[in-house]
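Q: Okay, here's what each chain looks like letter by letter:
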Amino acid sequence: MATFDDYVKELRKGVKKLAQELVDGLQADAISDMNAFLRKSERDLKRWTRQLADGAITRQDFTDLVQAKKALAELHELTKAGVADTKLDRFRSDLISLLINTAMKVYL
Amino acid sequence: MRGYHNRRQPAARLFLALCLCLAACVPLIGPYSPTAYKNATGLKAETLALMSKATTPYPDNEGKVEALMVEIDKAYEYVHGIPSNDFSARQWAILKRPDGDLLGRFFGRWRVEGTLKPVYISEFKEIISDAFDEIICLEANKKAANQCLK
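Quick note, the sequences are listed as chains A and B, same order. Heads up: the first sequence begins at 1 in the working numbering, then just goes up one per residue. Heads up: the second sequence begins at 1001 in the working numbering, then just goes up one per residue.
What the hints contain is simulated information worked out from the structure, not anything from laboratory work. Being a predicted model, the structure only gives us computed values, none of them experimental. Careful, some of the hints might be misleading.
Said to hold, decoys possible - SDA-like, lysine to any residue: derived pairs with alpha carbons at most 25 Å apart: (1) Lys1064(B) - Ser1129(B); (2) Lys87(A) - Ala1045(B); (3) Lys1125(B) - Gln20(A); (4) Lys1044(B) - Tyr1032(B); (5) Lys40(A) - Tyr1032(B); (6) Lys1117(B) - Lys1074(B); (7) Lys1038(B) - Ala84(A); (8) Lys70(A) - Ala56(A); (9) Lys70(A) - Pro1027(B); (10) Lys69(A) - Pro1083(B); (11) Lys40(A) - Ala1067(B); (12) Lys87(A) - Ser1084(B); (13) Lys1117(B) - Ala1089(B); (14) Lys1125(B) - Lys87(A); (15) Lys17(A) - Pro1118(B); (16) Lys70(A) - Ile1128(B); (17) Lys1064(B) - Tyr1032(B); (18) Lys70(A) - Ala1045(B); (19) Lys70(A) - Ala1144(B); (20) Lys1074(B) - Asp1130(B); (21) Lys1038(B) - Ala71(A); (22) Lys40(A) - Ser1129(B); (23) Lys87(A) - Arg12(A); (24) Lys16(A) - Asp1099(B); (25) Lys69(A) - Pro1031(B); (26) Lys1117(B) - Lys17(A).
Said to hold, decoys possible - Restraint ranges, calculated between C-beta atoms of paired labels, are given here: (27) Thr1115(B) - Arg59(A): 15 to 25 Å; (28) Lys40(A) - Ala1049(B): 36 to 46 Å; (29) Tyr107(A) - Ser1129(B): 21 to 31 Å; (30) Val1026(B) - Leu45(A): 16 to 26 Å.
As the list claims (entries may be wrong) - Derived coverage of chain A by chain B (criterion: at least 3 residues anywhere in the stretch with Cβ under 8 Å from a Cβ of chain B; other residues may be distant): (31) 66 to 78; (32) 85 to 95; (33) 99 to 106.
C-beta atoms are modelled at their ideal positions from N, C-alpha and C, and glycine is treated no differently.
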């Protein structure tokens, strides 16, 4: 007959694995998102400064585009924060499944 | 007896922590909404199409701009009414703000200047397209993990 300690031991293994996946995933995503966003902004800024120098866009156009890019960065931060919350919600849902499935595995 | 308690304490603490976690399981973020997703994808296409017309006089398009902004207001009100949906609602608010730097800036300049240059329209459309993609990406991730972040 399995004891409650056996159940907790199994749970601990599962929780550790879930937490590791969550933390590794969030860190890797955050770094990759930030790098991609910086690369994209750099490309845009290079193009806009060239267009400004060539007279293709005015000073006002350039200012508008940079300000719009800043607003886009705000949206991006909100997406990142929201996506992190969706991951945490899924983690909690997986934790509930783990509690139930581990009990079934250990006791039945 | 004391040893027995010491052995049981870590297990009891873990179990208690898990129970507390489960008890506090109010979702951190609102649920996926097919309507919100459809609003965002549909309005993205409509907005970009209308922006392309900014080489033509604003008075010829004024009614369409106003109608579009009403639809965007409705999309904002929809997501704003969903519980725990603050991130999505804030995204729509930034996008639509009349004195803001996205749609407000573009349509404001079109109204004041009458027409806009193709190069400015093209560059601004890319930003607006990305802005809608951010809203769409967040909504998609509520349904399932999606690698749509740029």
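Q: State the violated hints by number, sorted upward, taking the hints as numbered earlier in the document.
A: 2, 3, 5, 6, 9, 10, 11, 13, 14, 15, 17, 19, 24, 25, 26, 28, 29, 30 and 33
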